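K.L.:
Read off the chains here:
Number of protein chains: 2
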Amino acid sequence: MAASTLLYAQSGGVTAVINATAAGVIGEARRHKVKVLAARNGILGALREELIDTSKESAAAIAALAHTPGGAFGSCRVKLKSLEADRARYERLLEVLKAHGVRWFLYNGGNDSADTAWKVSQLAQAFGYPLTCVGVPKTIDNDLAVTDTCPGFGSAAKYTAVSVRECALDVAAMAETSTKVFVYEAMGRHAGWLAAAAGLAGTGPDQAPHLILFPERAYDEAAFLAQVDKVVKRVGYCVVVASEGIRSADGRFVADAGGGTDAFGHAQLGGVASYLAGKVKAALGYKVHWALPDYLQRSARHIASKTDWDQAQAVGKAAVQYALAGHNAVMPVIVRSADAPYRWKIAPAPLSKVANHEKTMPAGFIRKDGFGITERARRYLSPLIQGEAPLPYGRDGLPKYVELKNVAVKQKLPAWEG
Amino acid sequence: MAASTLLYAQSGGVTAVINATAAGVIGEARRHKVKVLAARNGILGALREELIDTSKESAAAIAALAHTPGGAFGSCRVKLKSLEADRARYERLLEVLKAHGVRWFLYNGGNDSADTAWKVSQLAQAFGYPLTCVGVPKTIDNDLAVTDTCPGFGSAAKYTAVSVRECALDVAAMAETSTKVFVYEAMGRHAGWLAAAAGLAGTGPDQAPHLILFPERAYDEAAFLAQVDKVVKRVGYCVVVASEGIRSADGRFVADAGGGTDAFGHAQLGGVASYLAGKVKAALGYKVHWALPDYLQRSARHIASKTDWDQAQAVGKAAVQYALAGHNAVMPVIVRSADAPYRWKIAPAPLSKVANHEKTMPAGFIRKDGFGITERARRYLSPLIQGEAPLPYGRDGLPKYVELKNVAVKQKLPAWEG
Chain A
1 MAASTLLYAQ SGGVTAVINA TAAGVIGEAR RHKVKVLAAR NGILGALREE
51 LIDTSKESAA AIAALAHTPG GAFGSCRVKL KSLEADRARY ERLLEVLKAH
101 GVRWFLYNGG NDSADTAWKV SQLAQAFGYP LTCVGVPKTI DNDLAVTDTC
151 PGFGSAAKYT AVSVRECALD VAAMAETSTK VFVYEAMGRH AGWLAAAAGL
201 AGTGPDQAPH LILFPERAYD EAAFLAQVDK VVKRVGYCVV VASEGIRSAD
251 GRFVADAGGG TDAFGHAQLG GVASYLAGKV KAALGYKVHW ALPDYLQRSA
301 RHIASKTDWD QAQAVGKAAV QYALAGHNAV MPVIVRSADA PYRWKIAPAP
351 LSKVANHEKT MPAGFIRKDG FGITERARRY LSPLIQGEAP LPYGRDGLPK
401 YVELKNVAVK QKLPAWEG
Chain B
1 MAASTLLYAQ SGGVTAVINA TAAGVIGEAR RHKVKVLAAR NGILGALREE
51 LIDTSKESAA AIAALAHTPG GAFGSCRVKL KSLEADRARY ERLLEVLKAH
101 GVRWFLYNGG NDSADTAWKV SQLAQAFGYP LTCVGVPKTI DNDLAVTDTC
151 PGFGSAAKYT AVSVRECALD VAAMAETSTK VFVYEAMGRH AGWLAAAAGL
201 AGTGPDQAPH LILFPERAYD EAAFLAQVDK VVKRVGYCVV VASEGIRSAD
251 GRFVADAGGG TDAFGHAQLG GVASYLAGKV KAALGYKVHW ALPDYLQRSA
301 RHIASKTDWD QAQAVGKAAV QYALAGHNAV MPVIVRSADA PYRWKIAPAP
351 LSKVANHEKT MPAGFIRKDG FGITERARRY LSPLIQGEAP LPYGRDGLPK
401 YVELKNVAVK QKLPAWEG
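Chains as they are written, first to last, in UniProt numbering: chain A, 1 to 418; chain B, 1 to 418.
To be clear, the hints were calculated from the coordinates, so they are not data collected in a lab.
Predicted model, so just to flag it, every value in this text is computed and none were measured.
A few of these clues could be false.
Heads up, the list lumps identical chains together, so a pair's fine if it works in one copy or across two of them.
What the hints assert, rightly or not - Pairs of lysine-lysine residues, derived as DSSO-like cross-links and limited to a Cα-Cα distance of at most 27 Å, are as follows:
| id | residue 1 | residue 2 |
| --- | --- | --- |
| 1 | K405 | K233 |
| 2 | K230 | K405 |
| 3 | K56 | K98 |
| 4 | K368 | K33 |
| 5 | K368 | K279 |
| 6 | K400 | K306 |
| 7 | K98 | K35 |
| 8 | K281 | K79 |
Whole structure, please, built from the sequences with the hints as guidance.
P.N.:
In structure tokens form, the structure reads like this:
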């Protein structure tokens, strides 16, 4: 059993660059001769003792991992509760870590994962097990506290801004006799970060997107329809970007795809764009089209932001450095020192400050009328989509994404009945 | 009045590369000192005498036009009927052409536009007006007869294959605890060309897309659901690509967005993916997500195929050469001489052979079980998405798309009351 083993796990929704973070982790660990195990399907794999030996992957495979979207070892939507409520699972986790000589645990995810990593570090301390826990930021929702931005967001933001600019050119060309209103649905459960990023697609009131609907503002149907009509009459067409999480004044989500909830207890959304399109057609009679890019927006590595890609790799590398230096219960976060040109560095932040906080958009980012972004938002968002992350293509015209071997580590414990 | 004037008009749904064709037309015409007018909003602009003087655009603007999606002069969904039924409009068109000394008319579109260009050429001949009419191919639907492929299709196909590969990596990573079935809706009114292109995203039965639904095959719900369940049980998840145009055995579209029809009398579709997702959820209980890229798939210049882009420019250039050489009522089409490596050339085809024919997918392109593509389809499709069309980006992280000045030509005729 290697005494210098690090366990890396991915958590929650994957992104276009979470594997870049994984590649950053593995590359840096290799430089320090540290063995990296990866949990299959996130924390579930750690509980089930389904571990992957990343040392079986070639250097070329890890290099390709850095530009492959999705989550190469699998991720999951499983949230551990409090230490009291979920004691059996936390203890099983420690057992697995001990059995495989894991001294460093890196958990790559959002708010919930930062919380889990923090609790694991507390439990290890209580049990006297020498474990260093480091959270690694990731989420296209951009809702992590402390950090300037979250790896994954910048690429989804770039996808959004580019796609909205492109489809707006399409709508503009056809509006005279065809579609006059186009509705684009952006992800974002409680914060309108991605919808806001669409605002980078244009400048001035006549450039798309003409209207953005944020979850931070109550959806007012009459006001929305009046705005759409005004824009169509002035510009000839109207491009609307709506966050999936918009709610009416009574707090209810405007559209709910089936009304289910995911394993984190979050409502599972969808269908806002088609709802709005139906309203526009019924009330104003305009021909309407809508787009729901769904997972495309968070997996589109082909239009990833170079800034985001660099940061995703940097947090992975820093996480290993912090772990090896014994910085327990921290997360490498991105610290901005200038907007233009964008300057940033990585610094450690206590997990306690990140866990379970949700960063909402500052009120000063949304225009007074509620339908667009301010200059302040633009200054914040613009650097995050800058640069085009390099991507090798095959002769077949498809990106060269890697599929890892994911060789399983021999199990040492009885099967988990959790 | 210049005696050597060419009129160029775009028609029908725009694409990621129709402006590349426009740039090819303008560039070649400039080399021959021919003045190019463009009709604003397609044939409507020609009827309304709303013409644009492209000589007011700089060489840099025309170079940028070649990589700008959408339709720079506007397009429209207006179909002229037979010479008898629409005589007044055809005659008005000739009046406008005469008034502006137009000797060459280039109509850039699909089946309907080829038909219109053909009829205009017949009428001009009947009236003794010396006009050379050339159709220029364009459609993401790939349903034009004679030509190997249609400019616009290859880029939409590349978008489709890349997007499906990317979101499949996302779904694969999350399937253990989250989405198990993902449905991607591809454009394609009557032919499943784009859905088929998704098949390039993977090889073998376990790689996404696992199931493709073609309009060429009757949609059989029980068989579809059985296949989805089988794939989920075998692979762990299932990625479905469905053409918007799939119909049940009785010939009805599976889903119809509002039930309207466009100006061509074609049913306006949408919502197949959400329909299928609902069925999967209800019948099998799996968590399902779906994506409807809609206009994004035909405007995504950022992931355009180099092959497609080259062909789009080539047909524009050839159209001018044919026109100047007096080849009347023809269309430059793409002729394939080899699959791998792909070899193609441009050759003229009579408009009469292109107009009003719809190229459907050969039966040999769809797998026997109806849910995937054959090797023959792969050999045909693969070259069309090869190569990445270059695209300059600004420091803001967005593609450098151009907005033309579109300077109006002074009108010479009384307003049109058509």
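K.L.:
Run every hint past the structure and note whether it holds.
P.N.:
Results of checking the hints against the structure:
no. : hint        : result
1   : K405 x K233 : between (57 Å within a copy, 21 Å between copies)
2   : K230 x K405 : between (56 Å within a copy, 24 Å between copies)
3   : K56 x K98   : within (22 Å within a copy, 74 Å between copies)
4   : K368 x K33  : neither (54 Å within a copy, 52 Å between copies)
5   : K368 x K279 : within (24 Å within a copy, 42 Å between copies)
6   : K400 x K306 : both (17 Å within a copy, 17 Å between copies)
7   : K98 x K35   : within (15 Å within a copy, 79 Å between copies)
8   : K281 x K79  : between (41 Å within a copy, 24 Å between copies)
The structure fails hint 4 only (numbered hints given earlier).
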